[in-house]
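Protein chains in written order, with my numbering: chain F, 1 to 485; chain B, 1 to 485.
Everything labelled a hint here was simulated from the structure, so no lab data went into it.
Where is the CB? At the ideal position from N, CA and C, for every residue including glycine.
Do not rely on the hints blindly, as some may be mistaken.
Unchecked claim - Using 35 Å as the maximum straight-line C-alpha spacing, the simulated DSBU-like pairs for lysine-lysine come out as follows: (1) B:Lys398 <-> F:Lys49; (2) F:Lys342 <-> F:Lys317; (3) B:Lys320 <-> F:Lys290.
As the list claims (entries may be wrong) - Partial chain F-side listing against chain B, Cβ under 8 Å, derived: (4) Val38; (5) Ile39; (6) Arg40; (7) Val63; (8) Arg66; (9) Pro78; (10) Glu95; (11) Thr100; (12) Met124; (13) Ser126; (14) Asn144; (15) Val146; (16) Leu162.
2 protein chains.
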Amino acid sequence: MPKAKEITSRSENYSQWYNDIVLKAELADHAPVRGCMVIRPNGFAIWEKLSSELDRRIKATGVAGRKHRNAYFPLFIPESYLAREAEHVEGFVPECAVVTHGGGKELEEKLYIRPTSETVMYEMYSKWISSYRDLPLLLNQWANVVRWELRPRLFLRTTEFLWQEGHTAHETHEEAIEEALMILRDVYVDTVESVMAIPVLRGKKTPSQRFPGALDTYCIEALMQDGKALQMGTTHDLGQNFARAFNVRYQDRKGKMQYVWQTSWGVSTRLIGALIMAHSDDSGLVLPPKLAPIQVVIVPIYKSDEQKQKVLEVATKLEKEILETGVSVELDLREEFKPGYKFYDWEMRGVPLRIEIGPRDIEAGQVTFAHRDSGEKTQAPLAAAAQKAAETLTDIQKGLFEKAKKFLDEHSCETDDYEELKKITDESGGFVWAPWCGNQECEQRIQDETKATVRLVPFDAPQTNAKCIACPEAASMRVPFAKAY
Amino acid sequence: MPKAKEITSRSENYSQWYNDIVLKAELADHAPVRGCMVIRPNGFAIWEKLSSELDRRIKATGVAGRKHRNAYFPLFIPESYLAREAEHVEGFVPECAVVTHGGGKELEEKLYIRPTSETVMYEMYSKWISSYRDLPLLLNQWANVVRWELRPRLFLRTTEFLWQEGHTAHETHEEAIEEALMILRDVYVDTVESVMAIPVLRGKKTPSQRFPGALDTYCIEALMQDGKALQMGTTHDLGQNFARAFNVRYQDRKGKMQYVWQTSWGVSTRLIGALIMAHSDDSGLVLPPKLAPIQVVIVPIYKSDEQKQKVLEVATKLEKEILETGVSVELDLREEFKPGYKFYDWEMRGVPLRIEIGPRDIEAGQVTFAHRDSGEKTQAPLAAAAQKAAETLTDIQKGLFEKAKKFLDEHSCETDDYEELKKITDESGGFVWAPWCGNQECEQRIQDETKATVRLVPFDAPQTNAKCIACPEAASMRVPFAKAY
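So that you can see chain F by itself, here it is in the shape it has in the complex (with noise of 0.2 Å):
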């Protein structure tokens, strides 16, 4: 008999853990260019219900009475386009990959693969924007980008990865504000806590940390399983920085010339690495059944050919009452394995709800549930057995979340003293709050002897009364910090 694949546990190898999983569920692969990544039928129809779910809060949200609707930029952007915004060339071309040969000539001007699209997008913005009825301008693309990764991890940072990138312009810096807030609040947050079941803080970056050429970027964060954070998407209120660069300008209501105030935000399948990393355990990958591309296996259990007759002709059935109530199942019908090998390939593979059947099962009226969150197993009335397994669906999402957001609870914690946020970071992780006076300087001292930094500064950051953590003046606020990915 083939033997289950085996995954390292957590606490042996929190790294190769992760690794494992990604890649004996076969979610992606490591391509033959270093860096890069293939990702697996098993791991893209994850990706494809995520930017499904993104795509549909995109595609519903808005400002001004517009909504945002999709587009497509080209891959190449002129190197002279990124040299235009200051802060955005320091911060993209070190890590851009670089075309200089095209259709067997060497080319006049080198063409960077976008690293993200700003450059490209707004030179269009400029032909397309010239009078305030052309504003808001609500654009967003699914698109891959590249940027080159000196230590690469599958999914968390690959030189090439997917992402959707929205881009708009508006006539006010308000209503700019109020779009990447917005987007930050219905689109990201509301996914990644109701879909993908992880409880996000969210708040503004510090200026350290603000995306190349913005104003303010705007982000949540996640709690992975080591206590390190995971930063899960950012929007930037980008001023009118790009503008200048790129001349975008409309005549308002005045007739008068203006630069547009714009916004850029963007998630990535950064987030199904934050999805593996959240929630699962060393028996593989544990899924949130609305991102689960299989939510319920049956495995039919027998020893005869009389049983295996029986036994199929009823799981055959639940199959299809199953699928009715819209839930998406799959009946292991697979001849060369057992089904204790069967039960374990199906938990490595994060379905979330097992059932299996067995004659005694049958003669009993009922089948086993086997819950991949908790391990529990339960037994339903067989007839009742499709309805019950939804609503069994609808408690693992609820469940996994409560679990996570426990987690997050129980690795928060306040210190107003330097050595034990020192300790803290070091040994549990976790994010610790503490009081900061909102200074670069002590920001970037704890960083080097912590390697802690401030993940945010929270929207609703609690005030305080304590000196800085790491200096003797005084803070305004707490703010968590925490070793990141």
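Once you've looked at the hints, dock chain B against the given chain F.
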């Protein structure tokens, strides 16, 4: 008042007519890098509909009890990979974009931006496939590819384009051929004819026009309004050529190692170019309802405020009723444009059905339907307008196919006379069915002298006793010659 955008007529300048529609209906725009395009929201919404129709069919089909699944492979292909299949490297390397620098350093090995993904995918297949149990492997990806284009045309020939590429591996040659033919029939022909409303010829490419590295290329060809043919999609029987180059082997049912049999197949954003050229007219874009992002537009007509209130009340109610039938509808509330301008504007943008509602219509309990395809105006009872609109869209979809089929039939003829073939392909264009001996020399000579090529060898090629149109040899069949995009 703003003036409606003008479109060059087909008879005046067909090529300019096409560009006018693409630019003025805001389907696409020229990107900063020559040969690349920006797909604007109006064009991208068509691609979203078209690709989702294709994706649904791809996922619903398969062979040997398995279905196709989506995956994602990297943009970068190492130079050495492209070189492994001799015909493939010769066919593609001259049109590739080459990355020589990444992350601020010169690369040890140059990377090619994928022009198609056989090589990088099959390197992975050789890792993943070990037994006949792993077969068939049926993968598809949606991706951008780059082929340097010297004479670019928006959608039709662009340096970067979007497409899907399917890549499958099989135990037997028979199964691979079955796959290639099935995709052509059940995915490509079905989508192009029943969704795009464009009739096609189907058959095999001649050896000179095969995909580089394939044993056979199957294809579908459509006729544009200028009498030129356009290749709509291809599927390739790759035999074991790539399997040998990339060592893709499996242990067969008897325990022996065998090379797999492979196929690949793709359609691209080029289809949008075909869609425009097949149906549109001198008033602008004409879209089949199944691909129209907005299927119905309601234009309210009023002069006084009193009229406006009444008309908008009725129009809003109708909009809601239409939405409820599952049809996408927009109520044009723009104050700055008069109804006449709106009529032209929506005609230019290709909305299949316009509903006009004015005070007199309401009094008479009816509305006016303006059919974009025929220009016809009909009346519908107001109470049944939503239902009638849905029916009209079905009629328009059918009517567009019939019109295109009639055009195809009227532009297809038979001749045994070389001078006549020359004359027809020079003047009216269309498919000229002529006897051909099957030799490449004749094919080449005809192409050199007339610019017409054998578009395909039809699956049901008519038998003939005539001599080859270009030499004294006997021809066994008639094949369609045409100039092509």
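How the hints compare with the structure:
1. B:Lys398 <-> F:Lys49: holds, 33 Å
2. F:Lys342 <-> F:Lys317: OK: F:Lys342 and F:Lys317 at ~20 Å, within 35 Å.
3. B:Lys320 <-> F:Lys290: Holds, at about 30 Å.
4. Val38: With a minimum Cβ separation of about 5 Å from chain B (threshold 8 Å), the hint on F:Val38 holds.
5. Ile39: Nearest chain B Cβ about 4 Å off; hint holds.
6. Arg40: Since chain B brings a Cβ to about 6 Å from F:Arg40, closer than 8 Å, the hint holds.
7. Val63: Where the cut-off is 8 Å and the nearest Cβ of chain B is about 16 Å from F:Val63, the hint is violated.
8. Arg66: violated, 11 Å
9. Pro78: holds, 6 Å
10. Glu95: holds, 6 Å
11. Thr100: holds, 5 Å
12. Met124: Holds - the Cβ of F:Met124 comes within 8 Å of chain B, reaching about 6 Å at its closest.
13. Ser126: At 11 Å from the nearest chain B Cβ, F:Ser126 fails the 8 Å test, so the hint is violated.
14. Asn144: holds, 6 Å
15. Val146: holds, 7 Å
16. Leu162: holds, 7 Å
Of the numbered hints given earlier, the model fails hints 7, 8 and 13; all others are met.
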